[in-house]
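*Asks:* Between the sequences and the hints, there should be enough to build the whole structure, so can you do that?
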Amino acid sequence: MSDMASAQTAAQHAAGELGEDTVQVTGSVPSGGETPQQRDAAKTIYEKSKAGRRAFMVPATDVPDTPLDQLIPGALLRKDPAKLPEVAEPELVRHYTRISKRNFDLDSGFYPLGSCTMKHNPRLHERVAALPGNSRLHPLQSDSHAQGALELMYNLQHALGEIAGLPHVSLQPSAGSHGELAGVLLTKAYHEDRGDQRTKVLTPDTAHGTNPATVTMCGYEVVKVGTNPDGGVDLEDLRAKADDQVACLMLTNPNTLGLFDPNIEEIAKIVHDVGATLYYDGANLNAVMGKSRPGDMGFDIVHFNLHKSFTQPHGGGGPGAGPIAVSERIEPFITRPQVVMAESSNGDGPRFELDYDRPKSIGRLRGFQGNYGVFVRSYAYIRSLGAEGLKEASELAVLNANYLLARLKEAGVAEYLPVAFDRICMHEFVLSGAPMKKDLGIRTLDLAKRLLDHGYHPPTVYFPLLVEEALLVEPTETETKETLDAFADAVADILREAKADPTIAQSAPYSTPVRRLDEAAAAKNPVVRQPL
Amino acid sequence: MSSYTAATQQDIEEMLAAIGVSSIDDLFAEIPEGVRFDRALDLPAGKPEQEVFAELNALAAKNTSADDEVSFLGAGMYDHYIPALVDTLTSRAEFLTPYTPYQPEVSQGNLQVMFEYQTAISELTGLPVSNASVYEGPSAVGAAAYLAKLANGRKRHLVSRGVHPHSRETLETLAVGYGTTMEEIPLSGGITDLAALKEMLSDDVGAVILQQPNFLGSVEDLAALAAAAKEHGAVVIASCDPIPLGILEPPGALGVDVAVGEGQTLGNRLDYGGPSFGFFAASQEHIRRMPGRIAGETRDVDGRRGWVLTLQTREQHIRREKATSNICTAQALNALAGVVYLGWLGKQGLVELGELLARRTAYAREALTAIDGVTALHSQPVVREFAVELDAPVEAVIARCQEQGVNPGYALGRDYPEFSNGLLVAITERRDRAQIDRLAEVLGSAIAAERGAVEVAG
Ligand SMILES: Cc1ncc(COP(=O)(O)O)c(C=O)c1O
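Chains as they are written, first to last, in numbering that gives the first Met the number 0: chain S, 0 to 531; chain Y, 0 to 457.
Simulated from the structure, these hints should not be mistaken for laboratory data. In this text the structure is predicted, and so the values were computed from the model without any measurement. Any given hint could be a false lead.
Not everything, but these chain S residues come out facing chain Y in the computed CB check (under 10 Å) [claimed, not checked]: (1) E150; (2) N154; (3) G175; (4) K187.
Below, in silico cross-link-like pairs of lysine-lysine (DSS-like), each with a Cα-Cα straight-line distance of 30 Å or less [stated by the list, open to error]: (5) S:K78 to Y:K229; (6) S:K498 to S:K408; (7) Y:K61 to Y:K46; (8) S:K223 to Y:K61; (9) S:K199 to Y:K154.
Using N, Cα and C, we set each Cβ at its ideal position, and we do this for glycine too.
*Replies:* Here it is in structure tokens:
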């Protein structure tokens, strides 16, 4: 049955290949006409402003109406009001509703942006985050009046620790890169506590940009480690570079090529043998929940991206959260405050507290307790799925990725977009557009832009840097087989179209609210605010 | 168990066949046996949506929210009213569910919001360049210190004791990485001690870090402090509460180079501390040292106006170890709430709100300092928050007030041992005169009761 189905798919695809002379395009082509969105002149809210219009009505002054300069010296007072827009509520709502429609969003379409885990955002999470007990809770409310929040955080700490295989969790960091900052500072504190001054941090050449950027901010020198022909860490290079000046190796596993490094135990040994710590960039954790744990692999510090694996909506670029889990030897230095449980003496059951009394702590990296609203959503997700559901999510994420990869390895695609490392992938995979560029004259960028006309958000492009004309594809577990098939078909269509006429992709997109934008001009003469 | 996946058994079989493996486990064969996790995670079983809702609802109900008591807590986050349209717009899927606008042709909504937001922050701060958001307040202060380090390489940073304790602690934490040292400028009479600052300043000082209004609620004379710092070439950083900037002279007009701050008060929920957003604005000379995303205006191939992420050669994905910051995911949705909120307030509204706060705060300060056992901690001008000293143990007084349904504010002694019975009281437009009168009454009785208790015990 399943063999037949896949044979049928292959046959359909072959038929497409045969019919390559009659270009079948499902994405719209240049017609000369403009879409209504394109006709929209893109006025800013400031350009819709008119003196005297307003939405906000200030509450009545129910206290003495003292002239302001009797309360605050005139020299400290503002002379000219900030030029905020003057608009009424209907215009405000319409303005932002209209411009919202100039966005592509995950609810409307497939968004296989690699390294970003664009999985469905369950709407229950928005509802529970909005409960007044959560959304209207002041961060400095006394612990005794915030027991529900502290209990939730305590339980989330436990769950994340179990998933990571590392016992101690701080929820504080605000995103992945903030978790990295915490992790490298923890490493520094750990070494310095032992009287050990180290100078370097190793990052593979496949690492995400935040890894080396973080290293610099922590006062270490970045040393790059190469990648072997299988897409894993080059062990020889690692051995050569691992010395007693190395503080840490930052690694993603599966790495940014979507490949699980089978040498992970050896890597951990090399790193630990020189006394360095091993840092796990958890951006790719969605592949291995309940399947393999960073702590068991030998990692000392892990960050999570709750906006990736644990479904906090991405919000157009945040908010997120980047909790960390650490091993025993790192624990004394972890950020404060920590949420702890104390058995009450009067038999009332457990009490939860914020513990500030951590003398070796690196301190804090931000205000208050972290992005609690994100914790609520991720906790709801973990409670919904449970151990089984999390494991199933990872399994299906890996299945979907391998299936889509199989579809893209079919004739008509693979010649132009070969997989960079031909192995079983984890939750994502990397194709190289180098042959496509050479043989069809279209670049990965052109393919990405043409995908927009087909109604897809393109995969991540030009990352990882190691792969020429890279296309990093992450479908996630929440997409259907039908969606993956349709996407694979669209890629094949675009390549077929390019074979007949590469200029179509080269000038794409056509159907979007604006077409290709002049980024060079924007950077040359930056206009970063509305002149008023 | 809930699940958000759709694969049927038939789908799975077809997909495995297409891949050419016989089971899902085969897909994980690359994981060496030694690190395969072969038991179930020790987590409770998953549950259906309605049961998860019930569980989280019960947890939330254990918290005392700003709806459950009359709260005068501030100290960095404030209980302002959030207009309904903010909820409506931020919950639109088009804003809620995409990611960073890497594909500008299908992200114009998001990019235009960033551009409008940057404009609003630029207006508020009086500085020409704003980024599209950083995480939140104290980490924004930390990011500003890094900009100063990049700008002049000097290692001594001076930070006022009037800067939020969380910002100061964040600065201390990050300084270890930056290779800078933090020295504290003392307070005098509730404001940063200008004479002490002048003593501390020399040409090796890279940054002077201030807060407006400061943690005790005082409006600082930023112009004088900035002028002193500038004489020695230090970068002047001010962490600002954006709402008071409606009526206070903007930092950019007072010699401040980098203005940052906590954006929660602009249309974002309390959320027990986050997510909110941090804003980050600077003078033109620092534009290529800014952290984070910046939207810039340009044209498309057909000449249509549009926006892109710009000056990306500052950023980690391009410059890697040479980037001006490691920030990637920031707080776009929260910044959207911010710009919508500012549009709702409007040019006049922001001023009117600031005036109302100043008047109610003055009223509250007078009402509280009239109580037996309450004295002003300082007499500096204030906008929305003020500090008093109690002649009774402050934590016990707070607990008594909370029993009466009033949260009187923040106990300063937690961060300022020199003000062991200090109380920081915040006013928003949601706290009306009647509530302020109630605070005075409840606080007065609580202090009296505590003094009585102490006398009895004594
Ligand atoms: C592999 C990897 N590491 C780190 C990060 C940084 O995470 P964040 O954007 O949450 O700071 C990302 C995010 O895109 C990533 O893909």
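*Asks:* The structure should be examined with respect to each hint, and the outcome stated for every one.
*Replies:* Hints versus structure:
no. : hint             : result
1   : E150             : holds, 6 Å
2   : N154             : holds, 9 Å
3   : G175             : holds, 7 Å
4   : K187             : holds, 6 Å
5   : S:K78 to Y:K229  : holds, 23 Å
6   : S:K498 to S:K408 : holds, 18 Å
7   : Y:K61 to Y:K46   : holds, 21 Å
8   : S:K223 to Y:K61  : violated, 50 Å
9   : S:K199 to Y:K154 : holds, 21 Å
Hint compliance for this structure: hint 8 is the single one not met.
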